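Novice: Listed below, chain by chain, are the residues.
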Amino acid sequence: MKLGKQSISFDTIYLGQAGVAAGPKEKQGPLGSYFDQVYDDLYCGADTWEKAEMQLMRDAIDHCLLKNNIGSGEIDCFVGGDLNNQIIIGSYVMRDYDIPTLGIFGACSTSVEGLIVAAGMIAGGSFHRVIAGTSSHNATSERQFRYPTEYGGQKPDTLTFTSTVAGAVLLTDTPTDLRLSGVTVGKVTDAKLNDPLDLGRAMAPAALSTIAAHFSDFNTKPEDYDLIVTGDLSYFGKDMLVKLFKEINIDIADRYNDCGLLLYDRDKQEVFAGGSGCGCCAAVTYGHLLAKLRDKTYKKILVVATGALLNSIIVAQKETIPGIAHAAIIERSGD
Amino acid sequence: MNEEMKSAIEKVKKETKPKRNVLINTAKAFFVGGLICLIAQIIIEILKQQFLLDKEMANSVAIAIMVFLGSLLTGLGIYDKIGQFAGAGTIVPITGFANSMTSAALEAKSEGIILGIFTNMFKIAGSVLVVGIISAFIFGSIRFLLGI
Chain A
1 MKLGKQSISF DTIYLGQAGV AAGPKEKQGP LGSYFDQVYD DLYCGADTWE KAEMQLMRDA
61 IDHCLLKNNI GSGEIDCFVG GDLNNQIIIG SYVMRDYDIP TLGIFGACST SVEGLIVAAG
121 MIAGGSFHRV IAGTSSHNAT SERQFRYPTE YGGQKPDTLT FTSTVAGAVL LTDTPTDLRL
181 SGVTVGKVTD AKLNDPLDLG RAMAPAALST IAAHFSDFNT KPEDYDLIVT GDLSYFGKDM
241 LVKLFKEINI DIADRYNDCG LLLYDRDKQE VFAGGSGCGC CAAVTYGHLL AKLRDKTYKK
301 ILVVATGALL NSIIVAQKET IPGIAHAAII ERSGD
Chain B
1001 MNEEMKSAIE KVKKETKPKR NVLINTAKAF FVGGLICLIA QIIIEILKQQ FLLDKEMANS
1061 VAIAIMVFLG SLLTGLGIYD KIGQFAGAGT IVPITGFANS MTSAALEAKS EGIILGIFTN
1121 MFKIAGSVLV VGIISAFIFG SIRFLLGI
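So the sequence lines, in the order shown, correspond to chains A and B. The numbers in the numbering used here rise by one with no breaks, and the one at position 270 of the first sequence is 270. The numbers in the numbering used here rise by one with no breaks, and the one at position 132 of the second sequence is 1132.
No lab work stands behind these hints, which were simulated from the structure alone. It should be emphasised that the depicted structure is a prediction, and the values quoted were computed from it without experimental measurement. Hints may contain errors.
Computed list of lysine-lysine pairs in DSS-like fashion (alpha-carbon distance at most 27 Å, straight line) [as the list claims (entries may be wrong)]:
no. : chain 1 : residue 1 : chain 2 : residue 2
1   : A       : Lys155    : B       : Lys1081
2   : B       : Lys1019   : A       : Lys268
3   : B       : Lys1006   : A       : Lys192
4   : B       : Lys1109   : A       : Lys318
5   : A       : Lys221    : A       : Lys296
6   : A       : Lys25     : B       : Lys1109
7   : A       : Lys221    : A       : Lys292
8   : A       : Lys318    : A       : Lys300
9   : B       : Lys1013   : A       : Lys243
10  : A       : Lys268    : B       : Lys1017
11  : A       : Lys292    : A       : Lys27
12  : A       : Lys300    : A       : Lys2
13  : B       : Lys1048   : A       : Lys268
14  : A       : Lys187    : A       : Lys221
15  : A       : Lys243    : A       : Lys300
16  : A       : Lys318    : B       : Lys1006
17  : A       : Lys51     : B       : Lys1109
18  : B       : Lys1109   : A       : Lys243
19  : A       : Lys299    : A       : Lys5
Bound-form chain A, shown alone (with noise of 0.2 Å):
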């Protein structure tokens, strides 16, 4: 159902078992014991970076199958994308299955995105069982957006660490612990900010912009979720957030986090702001949220994936960075 302008309220669409696949460092950090499969090497068994995140996707797919007691033929889709130029981490990745596939793109945000198209296609009544997945790897991200890996040239604490991780979840309409009761999707927001090496703040105001949505649509606050998550902001975007929901006068300080801080300890680890990456939302959500939901930590949470829209010759352009943020309820269902 339709709720306010940009929100749909769900009421038969279950979250199943996730698979997280996760690098060396993700593996080190904090929630590494919350991951399927981790890896010690960069190149995960691989022998490219691009293969090596193929690989984690594989992975991640492949647990949330094992997980589920499901086989690919019971598969209606799978919607995900990745960094890649023309996504081909996912592209690529189901050549070797046979599910019907959608690739979509959102940046960062590909992991709310996939959940809000599977969903809506679950809602549709015609499709029964989706998996959304989505991956990222530090070493193909940074030669694509920033600069070869072992270049010397010194990076600013607000640059984000693309997070070597990949994550998948089943949807479906047969009841499980979980529900997805609903979703907004973002606008793309531009705050005129041009500074790719500080993403973080260049994404909080369309974070704020779909959060402000999100209450408004389905006349909710903060205390209404156990927890508030943002995909990546890190903590020079996270510092931003908390400060622009002050100025209108909503406190989210006390229930908000971000998953590119929950993923790795930035005092003990080289991150710079944090993690990010389409890998960090969706490794944090479904590899530990998931759980925390499900061990009744969390009753309702609030995820907000959010995606920079950038590419490197828009950039070089002068252009400003947009940013899109796209929020989904989950909590538990029956009790």
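Following the hints, put chain B in place on chain A, whose structure we already have.
Specialist: Then chain B, alone, in the frame of chain A:
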């Protein structure tokens, strides 16, 4: 988005603008950059005194050695870590030039020798070369015209 949110964004955007510590970064760059030059100077003196090379030859051989060291440290994954500390201190010396080429070559290896390494090797260093050649032309012309 309403006007309240728009003005909040304008206000908070300015308030949260991160400050970069120019003074400390400059000091680090000065000392590490100076250290690299000192090492090169020691190599030149050794080449002159122990290997009896003349000044110009000693300079050229020292440059080759520094380029080799910069590339080796890049390949071993150390140069970027020093660069994170030293900033411009490791970019400006010729070791930085070697790093920019070696790192680009390493990165592009997966696309093959011609389309990968040969095409991408000057991806970062290319701009340095262009500026170098243009500056050499301009200052060379000035020197010629003034008859120095």
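Novice: If a hint holds in the structure, say so; if it does not, say that too.
Specialist: Comparing the hints with the structure gives:
no., hint, result
1, A:Lys155 - B:Lys1081, "10 Å, holds"
2, B:Lys1019 - A:Lys268, "22 Å, holds"
3, B:Lys1006 - A:Lys192, "11 Å, holds"
4, B:Lys1109 - A:Lys318, "30 Å, violated"
5, A:Lys221 - A:Lys296, "21 Å, holds"
6, A:Lys25 - B:Lys1109, "24 Å, holds"
7, A:Lys221 - A:Lys292, "21 Å, holds"
8, A:Lys318 - A:Lys300, "41 Å, violated"
9, B:Lys1013 - A:Lys243, "10 Å, holds"
10, A:Lys268 - B:Lys1017, "25 Å, holds"
11, A:Lys292 - A:Lys27, "18 Å, holds"
12, A:Lys300 - A:Lys2, "20 Å, holds"
13, B:Lys1048 - A:Lys268, "46 Å, violated"
14, A:Lys187 - A:Lys221, "20 Å, holds"
15, A:Lys243 - A:Lys300, "24 Å, holds"
16, A:Lys318 - B:Lys1006, "22 Å, holds"
17, A:Lys51 - B:Lys1109, "14 Å, holds"
18, B:Lys1109 - A:Lys243, "45 Å, violated"
19, A:Lys299 - A:Lys5, "26 Å, holds"
This entry does not satisfy hints 4, 8, 13, 18, going by the numbered hints stated previously.
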